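Participant: Guided by the hints, dock chain B onto chain A, whose structure is given.
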Amino acid sequence: MNKWICTVCGYMYDPAEGDPENGVSAGTKFEDVPEDWVCPVCGAGKEDFTPEG
Amino acid sequence: MPAIEIKKDIYWVGVIDWNLKNFHGYALAHQGTTYNAYLVLDNKVTLFDTVPEKFKWELFHQIQSLIDIGDIDYIVANHLEMDHSGALPFIMDKANPEKLFCSVMGEKSLKAHFHPSDWPLEAVKDGREISLGKRTVNFIETRMLHWPDSMFSYIPNDKLLISSDAFGQNIANSNIFDDQHDLDSLIREARHYFTNIILPYSPLVLKLLDRVQEAGLELDMIAPDHGMIWRSHPDKILAAYKEFASQKLRPKAVLVYDTMWSSTEKMIRAVADALISEGIEVRVMSLKSHHHSDVMGEFSDAAALVCGSPTHNNSMMPLMADFLTYMKGLKPKNRIGAALGSYGWSGEAPSAMSRILEDAGFDLPQKPLRLQYVPGHEQLAVCKELGRALAQAIKAKVAS
Numbered sequence: 001m002n003k004w005i006c007t008v009c010g011y012m013y014d015p016a017e018g019d020p021e022n023g024v025s026a027g028t029k030f031e032d033v034p035e036d037w038v039c040p041v042c043g044a045g046k047e048d049f050t051p052e053g
Numbered sequence: 001m002p003a004i005e006i007k008k009d010i011y012w013v014g015v016i017d018w019n020l021k022n023f024h025g026y027a028l029a030h031q032g033t034t035y036n037a038y039l040v041l042d043n044k045v046t047l048f049d050t051v052p053e054k055f056k057w058e059l060f061h062q063i064q065s066l067i068d069i070g071d072i073d074y075i076v077a078n079h080l081e082m083d084h085s086g087a088l089p090f091i092m093d094k095a096n097p098e099k100l101f102c103s104v105m106g107e108k109s110l111k112a113h114f115h116p117s118d119w120p121l122e123a124v125k126d127g128r129e130i131s132l133g134k135r136t137v138n139f140i141e142t143r144m145l146h147w148p149d150s151m152f153s154y155i156p157n158d159k160l161l162i163s164s165d166a167f168g169q170n171i172a173n174s175n176i177f178d179d180q181h182d183l184d185s186l187i188r189e190a191r192h193y194f195t196n197i198i199l200p201y202s203p204l205v206l207k208l209l210d211r212v213q214e215a216g217l218e219l220d221m222i223a224p225d226h227g228m229i230w231r232s233h234p235d236k237i238l239a240a241y242k243e244f245a246s247q248k249l250r251p252k253a254v255l256v257y258d259t260m261w262s263s264t265e266k267m268i269r270a271v272a273d274a275l276i277s278e279g280i281e282v283r284v285m286s287l288k289s290h291h292h293s294d295v296m297g298e299f300s301d302a303a304a305l306v307c308g309s310p311t312h313n314n315s316m317m318p319l320m321a322d323f324l325t326y327m328k329g330l331k332p333k334n335r336i337g338a339a340l341g342s343y344g345w346s347g348e349a350p351s352a353m354s355r356i357l358e359d360a361g362f363d364l365p366q367k368p369l370r371l372q373y374v375p376g377h378e379q380l381a382v383c384k385e386l387g388r389a390l391a392q393a394i395k396a397k398v399a400s
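Protein chains in written order, with our numbering: chain A, 1 to 53; chain B, 1 to 400.
With the rest of the complex left out, here is chain A:
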């Protein structure tokens, strides 16, 4: 599973960890993260993320 980077602030979404504090459980692929989820650090939307590498 790919990690995704927030292009606005540099936060990395790691599917192994998810974002449980905001309702995304560990093991969730970025593609399966809800569309209204936002970067937990800066608030940018999913469309501002790019795959790592």
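By construction, these hints were calculated from the structure, which means they are not laboratory data.
Mixed in with the good hints there might be a few duds.
[What the hints assert, rightly or not] EDC-like mimics (lysine to aspartate or glutamate), calculated; alpha carbons at most 20 Å apart, straight line:
#1 K207(B) to D19(A)
#2 K333(B) to E21(A)
#3 K125(B) to E52(A)
#4 K328(B) to D36(A)
#5 K94(B) to D118(B)
#6 K21(B) to D294(B)
#7 K108(B) to D36(A)
#8 K333(B) to E47(A)
#9 K331(B) to D19(A)
#10 K207(B) to E17(A)
#11 K207(B) to D14(A)
#12 K207(B) to D36(A)
#13 K331(B) to E31(A)
Predicted model only: the values in this text are computed from it and were never measured.
Facilitator: Relative to chain A, chain B alone:
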């Protein structure tokens, strides 16, 4: 203000904004502020950060008092917010440096601010080291502390950390070192600054402090971009940041309110009485007398927030809407909330305030409380009961 040597051949060349009261339009700076810039005289003469555009000539004169500005080889932009970069285009023009360094995120920010066509820009990654001659500089990325572009510059030879906005305080004073002031007052101002600017990024602060510790960075001096330089107490401000960012809470409640005909104020005072009698420290703050940033400064270590507003045109008072918007954006964690207010005929304000507190992640152990028109003795007893219940929740929260 003359330039001040802070370490051998390293000078503070900043400016003092003695009369500033409104910091960036959202927080109050009761004691003014400084915009610190630092000039290192080495084989490569290097300027770290600049000042607001309106002070560009003062920075120019500061630099000229030490060297010819054309002798600057490198400029480092640790943070692109205008209070540290506004004078950059002017200084770039006068100094014509060999290189301008910023972080990877800073490159985007810098281009979007100044649209430069021919600046010798070099984006540096986390951990990158450059040599100035006798010294080196290590760049440490500190994304979102508190902008994407933020970074630190560390000079190991002098054990000096130029820390951008982190560890700053809004204080204007010609004595620019920590040991020239009362330490408790400095830490208090640093807390106010942290709460109003850095609080939302607390988890990143904790990670950064761990990184600094793991890397075994020796810190003899921490030089922030606002306020006093930590020369004698770098350990104290590091420990304070750990405390601020971990949001260690005390048995304290901030009761923030607005009122029309003093009925909501009576309710708030009754709740405060009950909290006090249960041993909880309280701050009772009318939004007509206290700016939202000062309320947040007090709330920073308080376990509970009690919001009071009468119902006005089916909603809360405008100052309370302002406060709650501001407070929610700063993302305080692990707090208790309560909402109450007087009303005439519809009474929506307490539940409207409660919804915002819930969205902000507060625990609300008590239902929103509304009382019609002017509370009498029996109604105030209901407020006191709410205060006593809150006190128990606060004690449990602080003990956990």
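Participant: Against this structure, judge whether each hint is valid.
Facilitator: Hints, verified against the model:
Note on K207(B) and D19(A): the hinted pairing holds, with a Cα-Cα distance of about 17 Å set against a maximum of 20 Å. Taken as a hint, the K333(B) and E21(A) pair is honoured in the structure, with Cα atoms around 12 Å apart against an allowance of 20 Å. Between K125(B) and E52(A), the direct Cα distance comes to roughly 16 Å. Compliance with the 20 Å bound is thereby established for this hinted pair. Annotation: proposed proximity of K328(B) to D36(A) holds, straight-line Cα distance about 19 Å (limit 20 Å).
Restraint check: the Cα-Cα separation between K94(B) and D118(B) comes to about 14 Å, which is no more than 20 Å; the hinted pair holds. Restraint check for K21(B) and D294(B): the C-alpha separation of about 12 Å stays at or below 20 Å, so the hint holds. Note on K108(B) and D36(A): the hinted pairing is violated, with a Cα-Cα distance of about 26 Å set against a maximum of 20 Å. A distance of roughly 27 Å separates the Cα atoms of K333(B) and E47(A); the hinted pair therefore is violated under the 20 Å criterion.
For the hint pairing K331(B) with D19(A), the CA-to-CA distance comes to about 16 Å; that is within 20 Å, so the pair holds. Taking the CA atoms of K207(B) and E17(A), the gap is near 16 Å; set against the 20 Å cutoff, the hint holds. Proximity of K207(B) to D14(A) is assessed by CA-CA distance (about 16 Å); at most 20 Å being required, the pair is judged to hold. The hinted pair formed by K207(B) and D36(A) fails the criterion: a straight-line CA distance of about 27 Å is larger than 20 Å.
At most 20 Å may separate the alpha-carbon atoms for a hinted pair to count; K331(B) and E31(A) exceed this at roughly 27 Å.
Checked against the numbered hints given earlier, this structure breaks hints 7, 8, 12 and 13; the rest are met.
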